[in-house]
Amino acid sequence: MSAVDLRGLECFVAVATAGTVTAGAEALGIGQPAVTRQIQQLERRLRLSLFHREGGRVRLTAAGRELLGPARLALGRVDDVATTARALAAGRLQEVRIVATGTTSDDVLAPWIATWGPDAPQPSVEETGVDELVDALRAGADLAVMPTAPPAGLAVRRVAELPVWACVAPEHPWAGRGVVDLADLSVADLLLLSRSFHARRRLDAALDAAGLAVEPHAVLNSPVVAQALAASGRGVCVLTDDPRFGLVPLPIRDVDGRPVQIRLHVAWEPGHHAEGTLARLATELAQFTRARYRVPALPDEVP
Numbered sequence: 001m002s003a004v005d006l007r008g009l010e011c012f013v014a015v016a017t018a019g020t021v022t023a024g025a026e027a028l029g030i031g032q033p034a035v036t037r038q039i040q041q042l043e044r045r046l047r048l049s050l051f052h053r054e055g056g057r058v059r060l061t062a063a064g065r066e067l068l069g070p071a072r073l074a075l076g077r078v079d080d081v082a083t084t085a086r087a088l089a090a091g092r093l094q095e096v097r098i099v100a101t102g103t104t105s106d107d108v109l110a111p112w113i114a115t116w117g118p119d120a121p122q123p124s125v126e127e128t129g130v131d132e133l134v135d136a137l138r139a140g141a142d143l144a145v146m147p148t149a150p151p152a153g154l155a156v157r158r159v160a161e162l163p164v165w166a167c168v169a170p171e172h173p174w175a176g177r178g179v180v181d182l183a184d185l186s187v188a189d190l191l192l193l194s195r196s197f198h199a200r201r202r203l204d205a206a207l208d209a210a211g212l213a214v215e216p217h218a219v220l221n222s223p224v225v226a227q228a229l230a231a232s233g234r235g236v237c238v239l240t241d242d243p244r245f246g247l248v249p250l251p252i253r254d255v256d257g258r259p260v261q262i263r264l265h266v267a268w269e270p271g272h273h274a275e276g277t278l279a280r281l282a283t284e285l286a287q288f289t290r291a292r293y294r295v296p297a298l299p300d301e302v303p
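Those letters in the sequence shown? Residues 1 to 303, by our numbering.
A portion of the hints provided could be inaccurate.
The following label-pair restraints were derived from C-beta to C-beta distances [claimed, not checked]:
#1 G140 to V214: 16 to 26 Å
#2 G69 to Q40: 16 to 26 Å
#3 P118 to P151: 28 to 38 Å
#4 T283 to P170: 30 to 40 Å
Just so you know, these hints were derived from the structure itself, not from any lab. Don't be surprised by glycine CBs; every beta carbon is placed ideally from N, CA and C.
Given only the sequences and the hints, what does the whole structure look like? Please build it.
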């Protein structure tokens with residue numbers, strides 16, 4: 001509907017409500033001749049007579065009475081669009097779409113979202129593979145939480161460095177250890193995730209750097225199943241998920257004595273209309289994650 005049509009509807013509703021063209025024009029803050037013209041143009045376009053003219057007053061025709069409700073509804077929707085546009089221009093965000101891997105969604109985002117208040121944006125979380133996160137962000141997501149360094153051109157906030165765990169049953173001989181070395185891990189019965197998981201890729205990179213090779217006892221596509229097998233005494237599962245089934249999580253130490261970790265980032269498109277809100281959410285996510293996992297803060301800059 002063009003701007004002329006909307007103006008005609010405004011004039012129609014104002015005159016119908018006020019009862020005279022003069023009063024309707026005053027309510028709109030425009031001249032009476034302009035209101036008369038707009039209504040005449042609207043009647044011609046619709047091929048309907050909307051008013052009976054009775055001296056200085058007007059009375060709705062049957063067609064006018066039928067049109068009044070839909071006209072008010074249409075103008076109300078236009079007002080809603082204008083209100084929403086003003087909110088967007090002010091950087092407010094009514095809904096926020098977040099993409100993440102399954103592990104991040106379950107262990108980081110869901111607990112974080114549970115702390116949000118009623119005035120926070122309505123969140124939706126979509127799970128995708130680690131290799132599809134950037135594409136999902138560029139396809140319309142507001143935020144992507146990823147365990148890999150985002151490409152150049154995105155706005156980025158570091159969240160935290162989180163350990164890759166070697167999880168064992170309480171009865172396992174390693175359960176009393178505070179840490180496990182890569183060399184010991186390489187000869188254990190390993191329950192590894194497939195290489196579609198970043199935790200597996202991070203472990204492989206650490207093993208390769210150490211010149212170690214492993215032959216997994218099993219390769220799985222489900223972190224939960226991997227943990228269940230470890231809990232049943234089938235071996236040691238390696239992942240970044242929160243431990244389940246009473247498993248004991250052990251940090252993994254590489255040959256140089258450094259912890260094997262992943263670095264979690266949150267990224268968004270620069271120039272997003274709510275960039276300030278997204279930056280605030282990213283900071284809150286980082287603070288929540290560091291408190292939840294008791295890990296130190298990281299500088300905001302990405303190297």
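Quick rundown of the hints versus the structure:
1. G140 to V214: 16 to 26 Å: For V214 against G140, whose Cβ atoms are near 40 Å apart, the range 16 to 26 Å is violated.
2. G69 to Q40: 16 to 26 Å: Holds, since G69 and Q40 (Cβ atoms, about 22 Å apart) stay within the stated range.
3. P118 to P151: 28 to 38 Å: Since P118 and P151 have Cβ atoms about 35 Å apart, the given range 28 to 38 Å holds.
4. T283 to P170: 30 to 40 Å: The hint (30 to 40 Å, Cβ to Cβ) holds, given that T283 and P170 are roughly 37 Å apart.
Of the numbered hints stated above, the single one contradicted by the structure is hint 1.
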